[in-house]
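Undergrad: Once you've looked at the hints, dock chain U against the given chain W.
Protein chains in written order, with this note's numbering: chain W, 1 to 146; chain U, 1001 to 1419.
Since the hints were made in silico from the structure, they are not lab data. This one's a predicted model, so the numbers in the text were calculated from it and none came from an experiment. Every residue, glycine too, gets a C-beta built ideally from N, C-alpha and C. Wrong hints could be hidden among the right ones.
To be verified - Under the rule of at most 30 angstroms between Cα atoms (straight-line distance), these lysine-lysine pairs were calculated in the BS3-like manner:
hint, chain 1, residue 1, chain 2, residue 2
1, U, 1034, U, 1419
2, W, 68, U, 1295
3, U, 1134, W, 70
Claimed, not checked - Chain U is faced by these chain W residues, among others (derived, beta-carbon under 8 angstroms):
hint, residue
4, 53
5, 54
6, 56
7, 59
8, 60
9, 62
10, 88
11, 89
12, 98
13, 100
14, 103
15, 107
16, 140
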Amino acid sequence: MKKNALFLPLACGLLLLAGVLMSQTKKPATAGPQASITRGKQVYHDQCLACHMADGLGVQGMNPPLVKTKFVLGDKVTLVKIVLNGMTGIEVEGDDYHGVMAPHADLTDQQIADVLTYVRNSFGNKAKAVTAAEVKAIRAKNAPAH
Amino acid sequence: MQTFINKPKIISRRSLCLLTGLFITVLTANAQLKLPAGFSAVTVVEAFGRTRHIAVAANGAIFVKLSKLKDGKGIYRLQDTNGDGKADKVTGFGSFAGTGMAISNGYLYASSDEEVFRFKLDGDNNVVSDKPEKIVTGLLSRHEHEAKAIALNDKGDLFVNIGAYSNACQLQDRTKGSPGDKPCKILDSAGGIWLFKADQPNQTYGTGTRYATGLRNVVGLDWNKATNSLFVMQHGRDQLHDLYPDMWDTKQSAELPAECMYELHQGSNCGWPYIFYDQIQHKKILAPEYGGDGKKTAGEDAQDPVVAFPGHLGPNGLLFYTGSQFPEKYKNGAFIAFHGSWNRAPEPQKGYFVVFQPFKDGKPSGDWEVFADNFSGGPEKTASGRVDYRPCGLAQGPDGSIYVTDDTKGTIWKISYKK
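Bound-form chain W, shown alone:
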């Protein structure tokens, strides 16, 4: 017990130190999924957080959670179309959500790819990245809302 009590903070301290050293030596990524996630976090903050909240869990009865649902982790086409076209009313895991999501077609292909890659790899989610090329292809086939 005593040993453990000493070991734990020591181990945490070492890990923290290693982390600090690594972050100092590591160059910021500009390409690849990690960079996309980093950019996506900012898009999420500006465009999504007000309704889906900082932890992605949404608001009961209004704005659906983005955590571990088929809408987020499943088919990319459906997911990209939700961002492009918006949506109203959805049932997730047996609970109804009545909030209205505006279309976000004004975001660039890259911004949509970034924010979806961020959401698919945050809040405990783990799913493949969405690329700008994929968004471009889906947008081209997407029936315009007006």
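TA: Below, chain U without anything else, positioned relative to chain W:
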């Protein structure tokens, strides 16, 4: 510590932990609320489901409306037969989900998101039949602001909120750059309080009348017996910053606009969507969707609120206290259950409490105060919005105690006063 743990004991410790856990849960829910000196709370039920509005009969029988069916039932009758405050007799009926719940003239009224029903009550306040009479039908429910909150008076009037299926009547709802619809067509069939007769079956828009307009959404409403008039709590508009970041920063957008209390009369107009009430400037401000810049005033024909609360707190319950159990200052004053905010993000969330607004001679008198607090479970939970409980419905019992529902877990508290 380590040495005490061995296989057979783990099992007994686990069950002990479970038992203690249960005990603590019960204790915490009971002791959760922070109340003024002399007041105490007991939980009537816990983990009951999505308990919304609540009504208490003259013999103490409690009726609660659920927004999600529980074992196929949308209304539950709860009775405390041994006087400990806890419900020990529970019966469900009504196969529809919804919010509205009220008792009037020997009937229990309940609403779905499209209709209002009533059930006849017998001498013991049991429903005579679980087949209700349909009083109002065909009301608009388009996802947003769908709850049809109701209130009745003893003159046979049934008031029904029909919330606007929109935030600010933009041509494209909640979409940056989309202008306001001029005139706002939503107001023809929603965004107000409609008046129906309490005892006539199958009424529709055609047979009802629009009692008050320009109300975005009302969930908390109550007939004030001292003034003989209807009071409502409006849910103010969202997203000033999201839609107009150049005019309002996130801090201003978290506070604005006010959550307003209005006193209504036939023909009242509260101004939505053209204006909103800015409680900091104390002015009716032209909505940005209609050319406003955050300073221009408008809505000369719209009435002023009688009380303006901070933004986005979500007033879901309103109750004028007519009992004698509580100290004198509470008599004829208003309790308001604030469900708690979501549209303050990224700023800290707020609310999740029951407020008391003193009244004198039918007018608000003095500042409002937080009456029951800590539904959230602490300041950090309040700030994040990931709270333990969210207050929703309010009702007064025959002994002068009041009841508060929570619609996240389904806890109902009975709050009483003892000198």
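Undergrad: Each of the hints needs a verdict: does it hold here or not?
TA: Against the structure, the hints come out as follows:
1. U:1034 to U:1419: Answer holds: residue 1034 of chain U to residue 1419 of chain U is near 17 angstroms, not above 30 angstroms.
2. W:68 to U:1295: violated, 43 angstroms
3. U:1134 to W:70: violated, 39 angstroms
4. 53: holds, 6 angstroms
5. 54: holds, 7 angstroms
6. 56: Violated, because the Cβ-Cβ distance from residue 56 of chain W to chain U comes to roughly 12 angstroms (cut-off 8 angstroms).
7. 59: The hint holds - residue 59 of chain W has a Cβ within 8 angstroms of chain U, the shortest such distance being about 4 angstroms.
8. 60: holds, 6 angstroms
9. 62: OK, holds: residue 62 of chain W within 8 angstroms of chain U, min 7 angstroms.
10. 88: holds, 5 angstroms
11. 89: Nearest chain U Cβ about 4 angstroms off; hint holds.
12. 98: Nearest chain U Cβ about 4 angstroms off; hint holds.
13. 100: holds, 5 angstroms
14. 103: holds, 7 angstroms
15. 107: With a closest approach of 11 angstroms, the residue 107 of chain W hint is violated.
16. 140: violated, 22 angstroms
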